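S.K.: Each chain, written out:
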Amino acid sequence: MVERNRFGNLVPHLVLWIGIIIVAFPVYLAFVASTYDQATIANGQMPLLPGTHFFENYYRTIFIGTSGTTREPVGQMLFNSAVMALSIALGKIAISIISAYAIVYFRFRFRMAAFWLIFITLMLPVEVRIYPTYKIAADLNLLDTYAGLALPLIASATATLLFRQFFMTVPEELVEASRIDGAGPFRFFQDTLLPLSRTNMAALFVILFIYGWNQYLWPLLITTRDDMQTIVIGIKKMIVTSDAITEWQIVMATAMLAMLPPVAVVVLMQRLFVRGLVETEK
Amino acid sequence: MAGVNFSDVRKVYPGGVEAVKGVTFDVPDGAFCVLVGPSGCGKSTLLRMVAGVETVSAGAIKIGERVVNDIEPADRDIAMVFQNYALYPHMTVYNNMAYGLRNRKVPKPEIDRLVRDAAKILEISDYLDRKPRALSGGQRQRVAMGRAIVRQPKVFLFDEPLSNLDAKLRVSMRVEIKKLQKSFATTSIYVTHDQLEAMTLADMLVVMNAGLVEQIGVPLAVYEKPTTTFVAAFIGAPPMNLLRVQAEELAGIGGLRAVPAEGGIVGIRPEDLDLAPVGSAPEGAVALPLTVEAAERVGPESFVYGTLDRGGTVIVRLPGQAVPSIGEKATAVARHGKLHIFAADGRKRLDS
Ligand SMILES: Nc1ncnc2c1ncn2[C@@H]1O[C@H](COP(=O)(O)OP(=O)(O)OP(=O)(O)O)[C@@H](O)[C@H]1O
Ligand SMILES: [Mg+2]
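Here the protein sequences come in this chain order: A and B. The numbering used here puts the first residue of the first sequence at 1, with every later residue one more than the last. The numbering used here puts the first residue of the second sequence at 1, with every later residue one more than the last.
Bear in mind the hints are in silico, worked out from the structure with no lab data behind them. Fair warning: this is a prediction, and the values are worked out from it, not measured in the lab. The beta carbon of each residue, even a glycine, is placed where N, CA and C say it ideally should be. A portion of the hints provided could be inaccurate.
[Claimed, not checked] Calculated from the model, a selection of chain A residues having no Cβ within reach of chain B, i.e. all distances over 10 Å:
{"#": "1", "residue": "F110"}
{"#": "2", "residue": "F115"}
{"#": "3", "residue": "L174"}
{"#": "4", "residue": "R187"}
{"#": "5", "residue": "T192"}
{"#": "6", "residue": "A202"}
{"#": "7", "residue": "D226"}
[What the hints assert, rightly or not] If you want a taste of the chain A side facing chain B, the calculated C-beta under 10 Å gives, among others:
{"#": "8", "residue": "L90"}
{"#": "9", "residue": "D144"}
{"#": "10", "residue": "A183"}
[What the hints assert, rightly or not] Derived list of chain B stretches under chain A, where covered just means 3 residues or more per stretch with a C-beta under 8 Å from a C-beta of chain A:
{"#": "11", "segment": "47 to 55"}
{"#": "12", "segment": "227 to 234"}
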C-alpha cells in the first residue's frame, strides 16, 4: 500500500469504526442483557454496562433451560446443532468431492447426464422440495433423528461444481505422472487430489458449517421432541409465549452461545479459509 | 533393457483428428532416439502412446518383446519427463522421487538408497526436503529427471524437457542428459522441436511431419542427405535454400542419370554458398546473381540475405564479419558437389 498522510488515514478509520460499532452494538447489548436478572429487563430498563448475574444465567441456560417454554437445557441444543452442522459440512464435502472426482476424471456413460442432473438440483433448494423431502424422511423413520436432520441437506450441487472447477485446473500431466508412478484411481485421489484440495476443503467447511448451523426451516419440521431441537429453533421457542414472561436474560445468553461455534470455526480456520479463497496450491 | 518397436501405429483423437497416420520404425536397445518436427506433427502423441497415457488407435507398440498397447503405464517399465515437469506440488523433492517406488512396494531402506543416489547424481541432495514451489526451474527439471531415473526403467521418455529453461541452462542440461543416458545405456525417446537439441542428442533422428515419418537416420546423415525438401528445410539453421529449376537448367547442373521433364528443386545450404563479385564466378559453377537485402553479423559468422535476379531469395553464410553493403550486387557461388536435387514435388531426392 502507498503510504498516506495522517488525515488520509483518519477518514477510512473513522468509517471503519462506525461500521464496527453499528454491527457490534446489538451484539454487545445482547451480552449485557444476558448478565442481569429477569426483573431488570422485564422492567424495561436497558443498562449499558454488564450486570452481576453472568455465571448464574449462563449456568442455568446451559444445564437447566428456561422454566416455562422449552424446559430443555441449551447444552443439549448446542450439541444437536453441532452434530447437524458438522454432519452437513463434512457430508457435503465428502459427497461433493467424490462426485466431482467421478465427473472430471472418469469417462462413463451418461457422464454429462449425471453432471446436468447435479447442476439442475441447484435450482431446487430444500425450501422448494420441502414436502417430498419431508415425506421421504418420514417414510424412512428419520423424524427426530440426527440422520433426518443432516441427510436431506447434504446433497450439494454448489460444492460439487466448486470442486469440479478446481479439479479442471489441476494439470493433466499430474494424472499421467501418477499413472506412470503406479498410482491407481484411488491412490491418485488420496495422495494427490485430496492434499491439493486441502485449502478448498477448509474454505468450504467454514461456509458449510455456518450454513448448517443456521438452518431453521428443516429442523423445525423434522424435530418434534424437545431433546432433538437445535439451538436456532430453541431461541425461537423461548420467545414465543402468550401467557408467560419471556426470560430475556436466558434468551440472550442462548443467543450468545449460538454465536460462539461459528465464530470459533471462522477464527480457527481463518488462515486456511482465506488461502482457499485466494490461491490454489499448484 | 529393451528396444521399442512401432509398427503401423496410428492415432485418431475423439473428434476425428488423425494425429499419427501410420508410423513404423525401430528404436534399438540403448539408443537415444529423438523425434523432431514442427508443432502439431504428432511427436507428443506418439511419445504418449509409448507411455500409455494415450491409447493406440491402430497398429502395435512393442517394448522389448512385449506388445504394450493394452498395458497400464505403470506396468510398462517406462519413465517420463514432462515439459512442465508435473511434479507433485504438495510433496517434498524426496517424496516426489520416492512416490513411484513406494507404489511398487520397494522396501523402505532400498527406496532411501535409490533416492539419495539419484539425488547425488543430479546434484539435488540439498533440496530433498523442499517442495517444488521453492525450487528454480532448472532445479525442478532436475527433480523431474530424478523421478525418472530412480525407477531404473527400461525406457526413458522425454517430452520437450528443456523448453522451459533459459538458453544457457538448456545447453548445459542437454549435455548432462546425454551423459546420463550414455552412462545408464537406457533406451530413450526424446521429443523436441529444437533442431539443435535434436542434432546433438540423437543417435537416431526421426523427422516427423503431419503425422508421418519423413526420414530416419543418424543426425549427420540426415543433415547431409535429406530425402525430402521438408527435411532439408527443417534440419539446419538457417534453413537450406531451395530453388525451383526447369528441366534444361537441371540438365546443365549435371549429376543426374535422368532429368525429369517437369524440372525439380535444387537445395543449397547457406554455408555451401560463397559470395563473389559480379561476373567473377568460375566457369561451370552454379552461380546465382543477387542483390543484397540484409546482413546479420552474429560474431563468428555472418548471414547475408539476398534477392535473386531470377526470382526468389537466398541466404548465404559467410565466415567472419566482412559483409557486402545493402543494395550491392554480387554472385552467390555454390561449392562443388554440395547441391541437393529433389523432385519437383519435393517428396523425393533425385541425386544419390
Ligand atoms: N487430446 C486431443 N484431442 C484432440 N486432438 C488432439 C489432442 N491432442 C493433440 N491433438 C492434435 O493432434 C495433433 C498432434 O498433436 P501433438 O501434441 O502430438 O503435436 P506435437 O508434435 O507434440 O506438437 P508440439 O511441438 O506443439 O508439442 C495436433 O493437431 C493436435 O491438435
Ligand atoms: Mg508436444
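S.K.: Would you mind marking each hint as holding or not holding in the structure?
M.R.: A quick look at each hint next to the structure:
| no. | hint | verdict |
| --- | --- | --- |
| 1 | F110 | holds (17 Å) |
| 2 | F115 | holds (18 Å) |
| 3 | L174 | violated (5 Å) |
| 4 | R187 | violated (7 Å) |
| 5 | T192 | violated (6 Å) |
| 6 | A202 | holds (14 Å) |
| 7 | D226 | holds (47 Å) |
| 8 | L90 | violated (21 Å) |
| 9 | D144 | violated (43 Å) |
| 10 | A183 | holds (5 Å) |
| 11 | 47 to 55 | holds (count 4) |
| 12 | 227 to 234 | violated (count 0) |
Going through the hint list in order, the structure does not satisfy hints 3, 4, 5, 8, 9 and 12.
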